[in-house]
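As given, the protein sequences belong to chains L and Z, one line each in that order. For the first sequence, position 613 (counting from the first letter as 1) is numbered 613 according to the working numbering, and the numbering increases by one without interruption. For the second sequence, position 8 (counting from the first letter as 1) is numbered 8 according to the working numbering, and the numbering increases by one without interruption.
Because the hints were derived from the structure by calculation, they are not lab data. Check each hint, because a few of them may be wrong.
Straight line, CA to CA, 27 Å or less: simulated DSSO-like cross-link-like pairs of lysine-lysine [unchecked claim]:
1) L:Lys-295 / L:Lys-331
2) Z:Lys-72 / L:Lys-325
3) L:Lys-324 / Z:Lys-72
4) Z:Lys-117 / Z:Lys-72
5) L:Lys-324 / L:Lys-292
6) L:Lys-295 / Z:Lys-72
7) L:Lys-631 / L:Lys-588
8) L:Lys-376 / L:Lys-575
9) L:Lys-58 / L:Lys-295
All figures in this text were calculated on a predicted structure; none of them were measured in a lab.
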Amino acid sequence: MRRGGEVELAQDAALKRTATTANAKSPELAAVNFELERYEFGEPAVHHFELQRRDFFKAMGGGVAILVAAGRPLAAAVVAQESGGRRRRGDEDLPENIGAWLHVGEDGGITVFTGKVEIGQNIRTSLAQAVAEELRVSVASIRMNMGDTAHVPFDMGTFGSRSTPTMGLQLRRAAATAKDVLIDLAAKKWTVVRDGLVADDGRVRDPRSGRAATYAELAAGQQFAETIPEEDPLIAPAKWTVAGKSIAKVEGRDFVTGAHRYASDMVLPGMLYAKIVRPSAFGASLVSVDAKEAKAMDGVTCVVDGDFIGVAAPSEYLAGQAAKKIHAEWKSSPQPSSDGIFEYLKTHRGKGQDYDEPRPHIAGSLEAGLAAAEVKLRQNYTAAYIAHSPLEPRAAAAEWKDGALTVWTGTQRPFAVRDALAEAFHLSADRVRVLVPDMGSGYGGKHTPESAIEAARLAKAAGKPVKLVWSREEEFTWAYFRPAALIEISSGVSRDGRITAWEFHNYNSGTSGIETPYDISNQRIEFHGSDSPLRQGSYRGLAATANHFARETHMDELARAVTMDALEFRRRNLKDARLLAVLEAAAKAFGWSERKKEDGRGFGIAGGTEKGGYVAACADVRVDRASGEVKVERLLSAFECGAIVNPEHLSNQVEGAMVMGLGGALFEAIAFADGRITNPHFAQYRVPRFSDMPKTESVLVDRKDLPSAGAGETPIVGVAPAIGNAIFDATGVRLRAMPLVPDGLHVGKS
Amino acid sequence: MRTAAIELVVNGTRRAIASEGEASLLSVLRDEIGLTGAKYGCGEGQCGACTVLIDGVPRRSCITKVWSVAGKAITTIEGIERDGALHPLQEAFLVEDALQCGYCTSGMIVSGVGLLKTNPHPSDAEILEFMEGNICRCGTYPRILAAIRRAAAGNGGVR
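Using the sequences and the hints given, assemble the complete structure.
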């Protein structure tokens, strides 16, 4: 091992595994794999929040603070013991497990503190809306402090479509409680009973006497902290006046004027610009390095630390020049390539997985089900690795002051990045602060700490702040990917269209959406972990996209096998009323039953459920047989996620998921060979562009009687099977691999 | 072509530039001048996030050497808003909710403004063709199309 001088082993190791070795079998990789599925269910966040009441108000200023006890049963029990179900806190410490809090300052300013971050899903707006609704104030009067680890309570991260159902609910409760406390304060001030007092427009009124006091007047001189009970009554969605409406994106003006500062836009005094010298292949180790020339450059800091090589220079241009002057020799071993990857995933099982495979889901008897079937079908489906490729690549700006580290970075998991930095640099977590400016999207791709650690390492060596923005090629290569999938389905169906047997095996991609929503007595559904040659992790919808692609394509094949309409076939096998409702809504809006078959034109339908949301998609596709060009003319999704918080932003998410889904459905695929990505540029890795756009329509099914579920992910799952089914309808060619037509459709080839 | 002292005219202001002439216009705008509205998306002219107007024509600043635009009129997203008044296309982006994360938005708006300058009433096909080089990974293309249509309908995007 070559050393840069001041290096400690553990730091070396942390850098190596996060920064330079993508597919090493390391704890970091295990963490990434762990995110695949287990990640998505529940929020086991148990964190010690050691803040004393007086410190809290010293930091916050006086006023009224409502803390949400992160749904911990103990906290709820303590609260319930108090008379009136409400706990008034004295001078003791605040509870340990806080999910979020809300502060009404002495100036009446309302600030929300949450670890959730804004990725473009407009959660900053919709959370503010929920609070505004309960507190009866305008959205504009609420300040959202998000993702700053020094100021907000611990949060697992922004993923798994949990922000709306979990954080939205918590903040709603906090805001409702704050309103009650303010009413209590008014009642006390006026020595009247609280019944009959009304809170609206930022003040409490007594209609009997005509008195009114603003929230500022009521909060002044208070140091009031309260932990909220879970059973606080909320305003029913049917009575929402602010939430449920289309409020414009908060701070929208900053985005259309270029004023918003992303992490990659950060400027710090004396800041240097970084460039990392990457290994020649995944898992490569450094044989030799000559950095003399780079080190001799004026103002350039060069770090060679284990397998980590990076430079920091006074400009991006000079950093690039310096990096080019470093001559590194790497040693790598032969690795699998994208050709033949599915066979590889099937035959290289289990290794690299740090968690137990879930038990298969078994019901009834497959043998009996197949025996009862009049038609049997066995097919395999695949999905390629794809890249998130957020338009803002991974970026971080790092600054050391008095041994403490501050990093601005675009991450969906600010606390995980903080902990990774603390570990890498042997710091206690309270010496590390991570701030997350609203970021240039993520789609599940920004969970890991690489750029933060790299920038911090160089900043430490340089003694100056350092900013690192990954190049597009780095983003395509050294980030992680949506897992590739091999899915094998074996099924049986009776002549009247009832599915009698369903066997489903997913290799590598995961368990999200793996279970069938259809009513089938005899099933075996199983996930098999594989030794993925590429680093893989979270992605919008995760494995649900591959699982739905396979299942809903197979459903179409079964419907054809018994010569039944695809919608009718689903109806016949479905008891889930919510899924049925979106299928019917999509079919109605699309004109499914009136569709007219033409040569080279086809229609497809697909549906599914994931993360509490229900979606159905319809596609209208034209295929030019001569050129092989496939054009999706129209794409419609009906989506239901309980009570809708912001219809306009929900439509935007559904449309966005359709467009993103279109890329994975038609042409996106990572190509790789021998530890290298062979298409790491937008010129080679095709993403959807303007000319690919179909007419997109979203049909929102509002269920005010149901709790709101997240919406950023699920609408992606129906897109690929609806398109694939439409291509079959148009051409009679059944495509079972995602992407469906990376090079167009050439009959005979598929 | 490298000169010792390069002068740029950015959003109507003339500035002497200290950076190397070979540096990209994008890095000079962002790092030396402090105009961070133009974004790095790919560095290869493939995504349009870095788009600026050079003498009124949309150009990819990431692949433009700074020496090559000395003395030319450079307009960045920061120069599209005037005297606190948004350009009609900026207004249209807000009305149509034509962004999610917003990272592509600067380039989209600058490209769209460039289109409307030469073609105040473009057809949908003309909009799609002109905007083809700008990527939005959030998938707001249909809304961006609607925003350009809206701005064009209101006096061809002229204030």
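Right, here's what the structure says about each hint:
1. L:Lys-295 / L:Lys-331: Cα-Cα ~23 Å, so holds.
2. Z:Lys-72 / L:Lys-325: Given pair Lys-72 of chain Z, Lys-325 of chain L is violated - Cα atoms ~33 Å apart, limit 27 Å.
3. L:Lys-324 / Z:Lys-72: violated, 31 Å
4. Z:Lys-117 / Z:Lys-72: Holds: Lys-117 of chain Z and Lys-72 of chain Z sit about 17 Å apart, inside 27 Å.
5. L:Lys-324 / L:Lys-292: Since the Cα atoms of Lys-324 of chain L and Lys-292 of chain L sit roughly 12 Å apart, the hinted pair holds (cutoff 27 Å).
6. L:Lys-295 / Z:Lys-72: violated, 37 Å
7. L:Lys-631 / L:Lys-588: With Cα atoms ~23 Å apart, Lys-631 of chain L and Lys-588 of chain L stay inside 27 Å; holds.
8. L:Lys-376 / L:Lys-575: Between Lys-376 of chain L and Lys-575 of chain L the Cα gap is close to 22 Å, so the pair holds against 27 Å.
9. L:Lys-58 / L:Lys-295: violated, 47 Å
Violation of the numbered hints given earlier is confined to hints 2, 3, 6 and 9; the remaining hints are satisfied by the structure.
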